[in-house]
Structures are given as C-alpha cells and as structure tokens.
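Colleague: Sequence:
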Amino acid sequence: MNRQGELWIFDMDGTLFQSESVAVPAFRQTFTKMREAGVSIPDDVTDQAITGTFGYTHDHIWRTLVGESLEPQLQEKSDRWLIEAEIDLLQNGSGGLFPGVIETLKTLHEDGAMLAVASNGQQSYIESIVQTFGIADWFAGLYSASGYRMRTKVDLVKLLLEEIDHERAVMIGDRSSDIEAGIHNGLPAIGCAFGFADTHELQGATMTVRHFSEILQFHF
Numbered sequence: 003m004n005r006q007g008e009l010w011i012f013d014m015d016g017t018l019f020q021s022e023s024v025a026v027p028a029f030r031q032t033f034t035k036m037r038e039a040g041v042s043i044p045d046d047v048t049d050q051a052i053t054g055t056f057g058y059t060h061d062h063i064w065r066t067l068v069g070e071s072l073e074p075q076l077q078e079k080s081d082r083w084l085i086e087a088e089i090d091l092l093q094n095g096s097g098g099l100f101p102g103v104i105e106t107l108k109t110l111h112e113d114g115a116m117l118a119v120a121s122n123g124q125q126s127y128i129e130s131i132v133q134t135f136g137i138a139d140w141f142a143g144l145y146s147a148s149g150y151r152m153r154t155k156v157d158l159v160k161l162l163l164e165e166i167d168h169e170r171a172v173m174i175g176d177r178s179s180d181i182e183a184g185i186h187n188g189l190p191a192i193g194c195a196f197g198f199a200d201t202h203e204l205q206g207a208t209m210t211v212r213h214f215s216e217i218l219q220f221h222f
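No gaps in the numbering here: position 176 of the sequence shown is 178 in the working numbering, and each next residue is one more.
Simulated from the structure, these hints should not be mistaken for laboratory data.
Cβ atoms here follow ideal geometry from the backbone N, Cα and C, with glycine treated the same way.
A portion of the hints provided could be inaccurate.
To be verified - Label-pair distances were calculated between CB atoms; the ranges are:
# : residue 1 : residue 2 : range
1 : 208       : 76        : 37 to 43 Å
2 : 112       : 37        : 18 to 24 Å
3 : 200       : 95        : 26 to 32 Å
4 : 65        : 133       : 36 to 42 Å
5 : 47        : 113       : 42 to 48 Å
Can you make the complete structure from the sequences, with help from the hints?
Modeller: Encoded structure:
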C-alpha cells in the first residue's frame, strides 16, 4: 500500500511501550531518594496509582502521587532520578514493546508513511526506548513535552505538525490526552484499549483497537 504523505503520530507509554516493569520500580527507587531529600510521600502509594499517572506531564504526576507541587529545584532532581532509574532498568532488559508493534511500524515505514512520537515522557527516556529496540531510524521525529517545554500534548502535537511536512496525519494513543491532542488539532484519533486508560478516556476516538496491529485497518 502506498502511504506517501501520511504522518502517524504515536504516544509512547501504553501505546508502543509496555512500561510497567520499568516505571513502577523506577518510581519506587525515586521515592526513596525523595524521602531522603525531605519530601513527604504517602506510604500507601499503590502500583495502580503509579500506572494511573502514565501519559501525563511530570508536573501532574508529582502532584498526584505526592499530593502537592514540588519546588522547581526538587522537581528537577526528582525528574532526573526517575529518568536515570528508568534508563538503567531499560538497558538491563526490563520492559518491552507491545505485541505487534515492530511488525506494524515496519509495515507503515516500508509503505512510505512517516512516523513520529509525541509523549509527555522525558526526551532521553523516549530516545532510549527507540534505540534499545532498534526502531529509531523509522521515526521522523521524537517529540516530548520536556524536550520542547510544552505544557500540554495538544500544543506538542501542534508543533510536531508544523515541523514535519505531511499531507494527512493521525494520532494514536491510550489516554484521553492523546485523543484530545488529535481532536484539537483536527486529526482522526485511534484509541488503544490495551494501554492504561479507563474505557471512558477513549470516547471521541475515531476508532479503538485492542491489538496494536489493528491500527493498519485505519484509512484516511
């Protein structure tokens, strides 16, 4: 199939990457360092509470898990501790791509589509994932909220669309922020029901999929 001119924009965690086995232990390690730095973190933060924050900006994540906003210097340290732990776990074999991701991305790439990532994760984390799994060369751009200093995914996707030349584009993700980013930028949005979202978060999606490879059923 000829997909020249198409731009497929993907979220990372919960869409391309199964991040639980990396992010949850990384957060636990970071909590230890934050407590040592004097941050009061509830002892009863569950794994579900942690995974429930996936896909949001780090400002939102810390407010949700800690119960208050962090001072800028402390948030910068916490972000660094977290990303260092995540990359270390990733490089030691934790985490993996969802079933069908490599095969599907390869098909899109070989058919001439341009691929991009728009994520609220840290830039170095996104880069480490695509490099670890050998798919970096397939992407025309890797956009993160931290790397481009964007407060919302709507704005991040808007910038991406301005910078990558394309004829038509689609947004793919597992959280409400992904669907909103697509809709507010005039794009069709594919909701990934296998990720971290509650079912209601994908309302408004052009279509929803339960296996990553099903996105190939979408046609502009």
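Colleague: Has the hinted range 42 to 48 Å been met by the Cβ atoms of residue 47 and residue 113?
Modeller: holds (43 Å)
Colleague: Given the range 37 to 43 Å, decide if the beta-carbon distance of residue 208 to residue 76 lies inside it.
Modeller: holds (40 Å)
Colleague: Is 36 to 42 Å a correct range for the gap between the Cβ atoms of residue 65 and residue 133?
Modeller: violated (31 Å)
Colleague: Could you check the hint for me, namely that residue 200 and residue 95 are 26 to 32 Å apart, CB to CB?
Modeller: At roughly 30 Å between Cβ atoms, residue 95 and residue 200 fall inside 26 to 32 Å, so the hint holds.
Colleague: Determine whether the Cβ-Cβ distance between residue 112 and residue 37 falls within the hinted range of 18 to 24 Å.
Modeller: Violated, since residue 112 and residue 37 (Cβ atoms, about 49 Å apart) do not stay within the stated range.
Violated hints, listed in ascending order, are 2, 4; each of the other numbered hints is respected by the structure.
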